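Novice: Here are the chains, one letter per residue:
Protein chains: 2
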Amino acid sequence: MTDFKKHIHDVPDFPKKGIVFKDITPLLSDAKIFAAAVDRLSEPFVGKGVQVVAGIESRGFLLATPIAYRLGAGVVPIRKKGKLPRAVKSASYALEYGTDSIEAHADAFPRGTKVLLVDDVLATGGTAAAAVELIEAIGGSLVGTAFLIELGFLSGRQKLPGRDVRSLVSY
Amino acid sequence: MTDFKKHIHDVPDFPKKGIVFKDITPLLSDAKIFAAAVDRLSEPFVGKGVQVVAGIESRGFLLATPIAYRLGAGVVPIRKKGKLPRAVKSASYALEYGTDSIEAHADAFPRGTKVLLVDDVLATGGTAAAAVELIEAIGGSLVGTAFLIELGFLSGRQKLPGRDVRSLVSY
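Those protein sequence lines, which keep their order, are chains A and B. If you count the first sequence from 1, position 122 lands on 122 in our numbering, and the numbers rise without skipping. If you count the second sequence from 1, position 129 lands on 300 in our numbering, and the numbers rise without skipping.
Keep in mind that the hints were calculated from the coordinates and are not lab data. Treat the hints with care, since some could be wrong.
Here are the computed lysine-lysine pairs in the DSSO-like style, where the Cα-Cα straight-line distance is at most 27 Å [to be verified]:
| hint | chain 1 | residue 1 | chain 2 | residue 2 |
| --- | --- | --- | --- | --- |
| 1 | B | Lys330 | A | Lys81 |
| 2 | B | Lys252 | A | Lys22 |
| 3 | B | Lys330 | A | Lys80 |
| 4 | A | Lys83 | B | Lys219 |
| 5 | B | Lys203 | A | Lys17 |
Covered stretches of chain B (chain A as the covering partner; in silico rule of three or more C-beta atoms under 8 Å from a C-beta of chain A) [stated by the list, open to error]:
| hint | stretch |
| --- | --- |
| 6 | 217–229 |
| 7 | 236–245 |
| 8 | 254–268 |
| 9 | 290–297 |
| 10 | 309–318 |
Keep in mind it's a predicted model, so treat the numbers as computed, not measured. Glycine included, each C-beta is placed from N, C-alpha and C at the ideal position.
Chain A on its own, in the form it takes in the complex (with noise of 0.2 Å):
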């Protein structure tokens, strides 16, 4: 069994004090180890006919397009407000202080299409739930949800019920 924590290190006071960010960086950088965590976040959904991963700006995008190649399906970015060029749907979230968005083009799939979310970490479920509410929003059906990292703490699964969540590591 790959022993993925050993590749996640914690940085303490980022970006901010008393924060104790997961960088995953040594984890992507390393070959067999990133191909070893594409597959094992990629296998709960194979043959499960996903058409488009859907990857959250932008660590997100580092893992949801080797997802998305290795299951053969597309994907569909889910950017920041203002990133996208054409007509957008969008969803917001809750921040400590105030709220904010993120957008997917409005014809990003046809609907009906099956989608996969992606992203690098789930935390307080603030934004996969937003974004969850953009993929159907553009008439999108999610088969499922995967995370590299899950913050068990945070309790973000409770924002997710009923859904296929994943992650690969769980503090």
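Assemble chain B onto chain A, guided by the hints.
Specialist: Same frame as chain A, now just chain B:
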């Protein structure tokens, strides 16, 4: 021969008036075209010993990681200022007004690592040249550069003299 251009759409006046944006999202979301693009971009570098693919935030991430997976390499993110949690090296490039910079972890890979640089678009070549400078400052050995789109009329290639520069489609 796959007609990749059919899946890249022109969006006039984005992100600002007078600029025609090349929207690659239709190419990405089509599973077959996306896989063909990844395969074709990887092809010249198969068997060249690429150990790490460096991708430039954030659209570059969408192509760098599946190419890394295809080539059996790791992936290193080159990011905008302030996004990476540990000690970085940075390189700056000219904008229309002023300059901007990109960063990579100073220990992103060991000295002598064979690196392929990937981004979505080669335009004026400013960002690409800064990324090459960064890769070599960290001690990487640049195997080549691969871009989905080359805007030939902006002569970005001239900023990468003596480098192996590949692109899938050219305008």
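Novice: CA of Lys203/B to CA of Lys17/A, is that 27 Å or under?
Specialist: violated, 45 Å
Novice: Decide if the proposed pair is consistent with the structure: Lys330/B and Lys81/A, CA atoms, cutoff 27 Å inclusive.
Specialist: Status violated; Cα separation ~32 Å.
Novice: Against the 27 Å threshold, does the CA-CA distance of Lys252/B and Lys22/A hold or violate the hint?
Specialist: Answer holds: Lys252/B to Lys22/A is near 18 Å, not above 27 Å.
Novice: Please count how many residues of the stretch 217–229 of chain B have a CB within 8 Å of a CB from chain A and say whether that reaches 3.
Specialist: holds (count 5)
Novice: How about the stretch 290–297 of chain B: do at least three of its residues have a C-beta closer than 8 Å to a C-beta of chain A?
Specialist: Our answer is that it is violated, as 0 residues pass the Cβ test (under 8 Å) against chain A, missing three.
Novice: What's the verdict on Lys330/B and Lys80/A, does the C-alpha distance respect the 27 Å limit or exceed it?
Specialist: Not OK: Lys330/B and Lys80/A at ~30 Å, beyond 27 Å, violated.
Novice: Can you confirm whether chain A covers the stretch 309–318 of chain B, using C-beta to C-beta distances below 8 Å and requiring at least three such residues?
Specialist: It is violated, with 0 qualifying residues against the three required.
Novice: Given as covered by chain A, does the stretch 254–268 of chain B meet the bar of three residues or more with CB within less than 8 Å?
Specialist: holds (count 3)
Novice: Take a quick look at whether Lys83/A and Lys219/B sit within 27 Å of each other, Cα to Cα.
Specialist: Violated, at roughly 35 Å.
Novice: Confirm or reject the coverage of the stretch 236–245 of chain B by chain A under the rule of 3 or more residues with a beta carbon closer than 8 Å to the chain's beta carbons.
Specialist: holds (count 8)
Figure legend: structure checked against the earlier numbered hints; hints not met, in rising order: 1, 3, 4, 5, 9, 10.
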